[in-house]
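Can you build the whole structure from these sequences, using the hints too?
If you read the protein sequences in the order shown, they are chains Z and E. For the first sequence, full-length UniProt numbering assigns the number 1 to the initial residue and increments by one for each residue that follows. For the second sequence, full-length UniProt numbering assigns the number 1 to the initial residue and increments by one for each residue that follows.
None of these hints come from the bench; they were simulated from the model. From a predicted model like this one, the values you see are computed outputs, not experimental measurements. Glycine included, C-beta positions come from ideal geometry on N, C-alpha and C. Hints may contain errors.
As the list claims (entries may be wrong) - Per the computed footprint, the stretches of chain Z lying under chain E, defined by three or more beta-carbons under 8 Å from a beta-carbon of chain E, are:
1) 127 to 134
2) 137 to 145
3) 188 to 199
What the hints assert, rightly or not - With a straight-line Cα cutoff of 20 Å, these simulated DMTMM-like cross-link-like pairs (lysine to aspartate or glutamate) come out:
4) Lys506(E) with Asp194(Z)
5) Lys476(E) with Glu59(Z)
6) Lys92(E) with Glu62(E)
To be verified - Label-pair restraints from in silico Cβ distances:
7) Pro177(Z) with His190(E): 32 to 40 Å
8) Gln482(E) with Gly171(Z): 30 to 38 Å
9) Glu209(Z) with Gln482(E): 25 to 33 Å
10) Phe276(E) with Ala117(Z): 28 to 36 Å
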Amino acid sequence: MKNCMKTALVLAGLVTAALPGFAQEVEAGKGLFTTCVACHGENAEGNKALNAPRLNHLEPVYIAAQLDKFRGGIRGGDGASASARQMAPMAAVLADEQAVQDVAAYIASLDSEPSAATIEGDTVMGADYYNQFCGACHGAAAQGNLSLNSPRLAGGDDWYLEAQLLAFRAGQRGADPRDTTGRQMRAMAVILPDEQAVKDVVAFLHGLEQ
Amino acid sequence: MNKIAVLAGAVVLLAGGYYLGTANRPEPTVIKVPSTPKAEFVSEGSSEVAAVSSTVSVRAWETPTSGELIVVKDGESIQEAVAAAQPGAVIKVMPGTYKETVYIDKDNITLSGVIEEGRYPVLEGEGVRNDAVLYSGNGVTVENLYITRYKGNAIMGQAGNNYIIRNNIIVDTGVYGIFPQLGKNGIVAHNIISGIEDAAIYVGMSDNVDVVYNQVFDSVAGIEIENSRAALVEGNYVYDNTGGILAFITPGLPIKTCGDVIIRNNFVVNNNHENFAIPGSLVSNIPPGTGMLIMACDDVVLEQNIITGNDSVGVLFTDFSLVTNAARDPDADPYPNRPKILNNIMQDNGNNPAPMVRAFLATQLETQGPDFVDTVGMDDGCISHPERFRTLGLDKYGECEFSSTSNVLSYTLPEPVPPRKDEPNMDKGKLAYYGVCAGCHAYSSRMIGPPTQIIQALYMDNPEGIAAYAANPVKKRDDYPQMPPQAHLDEETRLAAARFMLDLKK
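This is the structure we're talking about:
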């Protein structure tokens, strides 16, 4: 799936050479991304040891939105988790909105294998929770839904998805009144009855076709 | 290897085999000839009807008329006729093709097709319109129409009481065929319905309804009694659906109970259709080959139904776990209670169970689906002539205290009941949420639309956003159908419903 999308993107890039925007952004983003490599890896494949998640499966618009939140103090500020607070100053390194767009485009042009499973859960229950509460926004195959600002979840690190669900539930993320989409997600994350349910959903997501 | 141990093991195995052999031996059939008549059947519904019926009258009431008659001819608009009508009007629709949605928000309107030599007035949705007939008025009759190719509902009641929906032919109209929602006192009779991807007849959150003498086929769910009380389902021919007749609670709807349902004298035959419901929706969980499904609904009486050729199971009693363990509703009892199985005629059920039924049967060392299955193992049920049927999980059922429900002629009331809007604690927003929104949105579970909890998370303190979206929805989710526009509701009503929706807690 991912490879197909990559191929499609490459083809689109060839066809639309006259439209310089995206290709230029990717090229410009490559230089900016060198700052990120230390934690997120050369291909944005992520590094659990550093709490740095895989990023290359995400849509550029979602990566940019989160970078903007980090830069604006909407995410990773007071009350956020330690790793989110680490990310905030890194995002602030990006000079302007163009830099954000560029690095987001570059990250989305990368590829890697999904990380190995680290969370055990009941995938049947996870599928049930997901169908009832998550899929309406993130899509039946967890492919994300741009019209609802919902990121792709399939292909994400299970440990990171779990950490974020727990952060939403704890109010470490999605509590800032300016964080509209984060507040939406927080309202849904707290519906899961307990932390086992979080594990179940995450285990289900990790088992999806990537 | 120690020979003594082997010998001991063999003895244990032998003893175990002997025990299993005797444990599985059926009880000898007890031949009984009743010496005294059994007690009369009594239920809340039967008492309610008996208390107000001085003479025998079975569904004898009609929509009151004033003498006003409006005739709609081919090429004219039915909706314009409704707009011109006063309460009590009879609107006669001549044969022809009508490409429109009709919304009746007035009381005592009779919308009646004129049939000439088999030619009907046809409401044609062309695969683009959502609903053929919607009514929110009380005392509405909809009859003699041929409705086809709508995407949402053929006929939907939105909190209208004292309704009559009869003699309609409904072919391929999307999600629901006939769908009275939040109606008290209604008749759904002599309709022919097919090709519906959820329920052909869907009685939702209603009371005192007779669903009688309908022909229902090629749909996912044939007849569905959901979160309703005092329902009589009688004399219907229900075949070639995924599931034939269903009575159940959907968790997360604002009315939390289902009960007092008499299902009798129906033909429930060959309901083996492939399940073509929207994946992930509640009815997508119905195993093909299910004659009847009773999920969490109480006091369901099954009497003299002919239930044959359903490949998974004749009748399945079960709890919420069939459809979901994740969607919870602390206010709704997930288990069925007090089932009452009188004589029914069963043949050739369970010959080719669906995979999920086959898996369940394997745990019971069975391969053929039974006539009756109770996955809960209720201890308050009763069954007449248990020896006649292949059953699973009915070990704790006793003998029924009554042998017939024939004293109940109807669960409808002989006099019209007051409108819902006059009920205490019923404001405009609540009425619209119950009567319209809850048709597709449950609080905590996925129906046709996303759960209310998700809408609350998305909109939070923005009811205006919901009201605006509902008037003019756009498709956002590839695995949910597009929401039909609710622009027939005025802005004030939409906003009130949105506010109610955002404040809802269960």
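Violating hint indices (sorted, rising): 7
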